[in-house]
Amino acid sequence: MLSATPHDGRPESFASLMNMLDPTAIANESDYTKEDIRDLYVRRFKKDVIGQLSEKFPERQVLAVEAHASEQEERAFEVLDNLELAEIDAKASAGKLFKTTLLKAMLSSPMACLETVHNRINRVSKKEDQRFSNDLLELEKLACALELINDKRFSKYQRLLQLISKAENGGFNWKGKDSTDRLVIFTERLETMRFLKENLQRDLKLNDKALATLDGNMPDVDLMKVIEDFGNQKSPLRVIVATDVASEGINLHYLSHRLIHFDIPWSLMALQQRNGRIDRYGQESQPQIRYMLTRSVNERVDEAERIIRILVDKDEQAVKNIGDPSVFMGVFDIDEEVLVTSQAIEAIGSGETAESFDNRLQPGASGEDDDDFFADLFGEVEVSEEPQAQEKMQQMPSLFADDFSYTRVALNAVNEENPLQIKLIEEESLIEFTMPKELQRRFERLPKEILPAANEPLRLSGDKNQVMKELEETRKSGKDWSSLQYLWELHPVVNWINDRGLTLFGRHQAPVITLHELNAGEVLFVMLGVIPNRRGQPLINKWVSVIFQNGKFKQIEDFEETLQRTDLGKKDISNRMQPIDEKLLNLRGIAVAEANKKMVKERKDFENRINIDLQEQYDRLHKLKNQHQQQLALRYADGTPLVNQRKSTEEIRVERIFDDYFKWIEDSMTTEPEPYIKIIAVLQGDGE
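The numbering of the sequence shown is the numbering used here, which starts it at 973 and goes up by one.
None of these hints come from the bench; they were simulated from the model.
Keep in mind that the hints are not guaranteed to be accurate.
[Unchecked claim] DSSO-like mimics (lysine-lysine), calculated; alpha carbons at most 27 Å apart, straight line:
#	residue 1	residue 2
1	1138	1206
2	1597	1619
3	1113	1147
4	1514	1576
5	1524	1650
6	1635	1619
7	1514	1650
8	1514	1526
9	1147	1063
10	1124	1063
11	1436	1448
12	1181	1448
13	1420	1448
14	1597	1569
15	1524	1514
Here the structure is a predicted model, which means the values were calculated and not measured.
Modelling step: build the complete structure from the supplied sequences, incorporating the hints.
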């Protein structure tokens, strides 16, 4: 299970995910510890993996870009600061004053603020209530001040034009000609988005196809079309102006590494989501992020912008040190974070400052129990440097160097019976061939996109870099699907040739191979031994060679040792077409018996290894079951008939969960007594 948002700040929300993985782990969903779920989750942030993936995570460049308010904007700020909405804000709670909403809109754009003012005037006017007459006069006064601000007098917009087109002061020197250099501009307000679309198109001399908008009112089909075009190198689209609908779950980093926050959301989580559109795994250029702020001579307005600037600083601190920006506010919800910021801005006149706001935004500073709970659970407060994890990979024995080598040999064998028009490019691990009808039938059950076009060969490559390169080219060209597929052990073609290989020999048949490297009179029975669990799943799988010398059993060696001392898989071996020596048939029973002894010993060793772990697991489950039962007793201590009925239902549910889990463990880890033995091949010395 993967989740970018594993909880909403409540222990119960995270427990619900853990219960999907293991319903026995948590007895009390409101009170549990890291030890209860230590085997169920892994949490990683960008900071945790950047050391290993630095080439896929270029360090981002962040700048705050300030614009000094124009004379007309200062007048509007003054009117807004002195605004008195006695009736409209009479019942508003802290952080939800309409005056604060207007300031938030104004810090986006005067146009957004004017739209908000007009909408409220229209709503209040319809009430025909004299109590709102003074409020209406106040709003109309603000509207008059806002109407004087056009694009030329909108300082932040003029600064935006400089930021985009000029090189100095952190500018992009952007001309719009490079198809791999595209801009993303975020705003919270629809009216600001509409203003930017109209004016940027004119001032940057962009045609209709070069600039697009994204907002929540768009149909999903239209929204996805814009996103696809933005990642298509052949598309003329160069600039996206988006509301926060585009800040979650979409990739804009393929051809863009520049992002502008035309306004800054009052939420750290929203900031992180916006930045993640271009600052994400796979970004090949340095992300350049710009935050736009308006400085005013009005002290309270300027202090509000300084508070918002704190959010920008905290987001950077989270990226570099903590990973999760939500720990600063401790509410784990965008709307709740906006409320925290709104309350701080409303308290400016009562002594709130950017410094005091900053001091409160420290991990664990809120003192809330839930904050401490998740800090303990995830270890978010203290971040320690950990050594880079060591990769542990075991190379399984094989006659082939890789999947490409195996597929090449197998297809050549098929080609002798059914010409496939095979084309090989060794340096690219590339195979092209025409699909026979029996393989085409297998592909009928698969998505049609992976089928090659009519009269085209199927193209496979075992080179990951080559496949990724072609995928990138496919995406840039706007095609839906790459014609080159990754060749690996689970590809349908590999499954097909596996099945073809199984038909090479009949039931109870195995090849006899003569090798120069073996001594005269030396015979090796290559055996596969399997011991399944009660569910029929292999728990022990062992390849061994049972060795005979001059007709007498000598020893058993692992098949890896056999590969090392022979040329199996290293060169072609000719088929001498000689009749089978009857003496080999007489050795079959002995070989099977010796392999059986080996597997019985393997089973005993396996059980000795797991019995301690199994007992620990059983003890843990019994302890958890008792905890669940104790929790039920506490939860339903009332004793009324209805409560007792619910308690009985829950007790039955808990009993069933644990019974099922005990049985699953027993069936999964208990081995069947008799091993399955199969003769794979017989190797013999050539006797010369």
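Here is what the structure says about each hint:
| no. | hint | result |
| --- | --- | --- |
| 1 | 1138 <-> 1206 | holds, 26 Å |
| 2 | 1597 <-> 1619 | holds, 15 Å |
| 3 | 1113 <-> 1147 | violated, 41 Å |
| 4 | 1514 <-> 1576 | holds, 14 Å |
| 5 | 1524 <-> 1650 | holds, 20 Å |
| 6 | 1635 <-> 1619 | holds, 24 Å |
| 7 | 1514 <-> 1650 | holds, 11 Å |
| 8 | 1514 <-> 1526 | holds, 19 Å |
| 9 | 1147 <-> 1063 | violated, 50 Å |
| 10 | 1124 <-> 1063 | violated, 38 Å |
| 11 | 1436 <-> 1448 | holds, 18 Å |
| 12 | 1181 <-> 1448 | holds, 17 Å |
| 13 | 1420 <-> 1448 | holds, 21 Å |
| 14 | 1597 <-> 1569 | violated, 40 Å |
| 15 | 1524 <-> 1514 | holds, 23 Å |
Checked against the numbered hints given earlier, the structure breaks hints 3, 9, 10, 14 and satisfies all the rest.
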